[in-house]
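Participant: Residues per chain are reported as follows:
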Amino acid sequence: MKTFTVSVVTPDGPVYEETGAEMVSAKATSGELGILPGHVPLVAPLEINAVRVEKDNNTQILAVSGGFIEVRPEQVTILAQAAEMASDIDVDRAKAAKERAEKRLQGTKQDDIDFKRAELALNRAMNRINITSR
Amino acid sequence: MASLRDIQTRINSTKKTKQITKAMEMVSAAKLNRAENNAKSFVTYMDKIQEVVSSIASGSSNARHPMLQSRPVKKTGYLVITADKGLAGPYNSSVLRHVYRTIQERHNSKDEYTVIVVGKVGLSFFKNRNMPVEDSIVGLADQPEFADIKEIASQAVQKFADEVYDELYMYYNHFVSAIQQDLTEKKLLPLTDIGGEEKAKSSYEYEPSEEEILEDLLPQYAESLIYGALLDAKASEHASRMTAMKSATDNADEIIGSLSLSYNRARQAAITQEITEIVGGAAALE
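Residue numbers (my numbering), protein chains in the order written: chain P, 972 to 1105; chain D, 2 to 287.
If we strip away everything but chain P, and leave its shape as in the complex, we get (with noise of 0.2 Å):
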């Protein structure tokens, strides 16, 4: 069977490197992506989500804020500015970070753009409760 390469990048450095990876579906804008080796070469702005790889039957699940899958038929990259493994989430801290944004939005109103920022806070750290609670 096909495989490939699955790499996760951020600024602050790589946080997860896979060869031999059969499968990666992701959330872009668009809708759900999922791309198998081989795959035309494609680029996709991703939503704030999952992202999740299979390898040998297993699933390997990530956190990924926004940012971007670049896919080439034998490497599939994704660039997000924040990334963490399912294991790595520091739950309490999402938890903590998601009050705070919830305790801003009451606060702000919707067209400021203190709004759309804690919106965007708020949905990180639902993504990334929701991927520690799986």
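FYI, nobody ran anything at the bench for these hints, they're computed from the structure. Computed from a prediction, not measured in an experiment: that's the story for all the values here. There could be a bad hint or two in this list.
What the hints assert, rightly or not - Below are the DSSO-like pairs computed for lysine-lysine, each with C-alpha atoms no more than 27 Å apart in a straight line:
#	chain 1	residue 1	chain 2	residue 2
1	P	LYS1080	D	LYS160
2	D	LYS86	D	LYS23
3	D	LYS17	D	LYS128
4	P	LYS1074	D	LYS160
Keeping the supplied structure of chain P fixed, place chain D upon it in accordance with the hints.
Facilitator: Just chain D now, kept in the frame of chain P:
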């Protein structure tokens, strides 16, 4: 001539200063090491994002985005990266002097420019001169993470999009080696030099469309340029501080040397004088 005790006190205090500068030198050396590693791990990210950006930019000339377009300049933004502390040789002053001079040359009134500062030294420099400071961040860690500067970076990019300023320059010390750091001026926005020299390695399909990807990608690209500059500047800062502290330690050694020499001279003079006095006294008794 200074008394024996005065010289002794000066020797002791210089020795203590030397201990401190020596310790600071070693601390900076360790920090420089880590800063270099950080910069190295960032390179992978930067290379990738650069590749994607340049392949989009060179792939199609019809992709238009405000961040790629030059527009008439009404106001210029200056992003200046300095340290929080001094004691780093010419690290801060060279950047600040250059920016100050550039601003004086280019602009006649305060409405024509605005400054975004990283670091306490820079912030107080511009505040003391009553120059408009748009945004600032102080107290950054020695090994900053992307999250630490995301806020100021994305605001700097956002303000360009909101037309607060129409171009953005970045000033920092580029790290060449432990003994050389070069002052760098970089035009950050609008992004003009992407995909210029390098040929894109592969052509991609874009999902959903090139325009929408640029919409997302370019701000991230600009932010990571800022972060890259910051990592570079941090490495320079530690290198510069290390060199400054090293020369301070060397100077202290020199001062201690010359002080011990005059201490010994004074000691000998005192002994000689004493002998002369005794001999003189004895001669008077005969």
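Participant: Next step is simple, just say for each hint if it's right about the structure.
Facilitator: How the hints compare with the structure:
no.: 1; hint: LYS1080(P) to LYS160(D); result: 20 Å, holds
no.: 2; hint: LYS86(D) to LYS23(D); result: 17 Å, holds
no.: 3; hint: LYS17(D) to LYS128(D); result: 35 Å, violated
no.: 4; hint: LYS1074(P) to LYS160(D); result: 26 Å, holds
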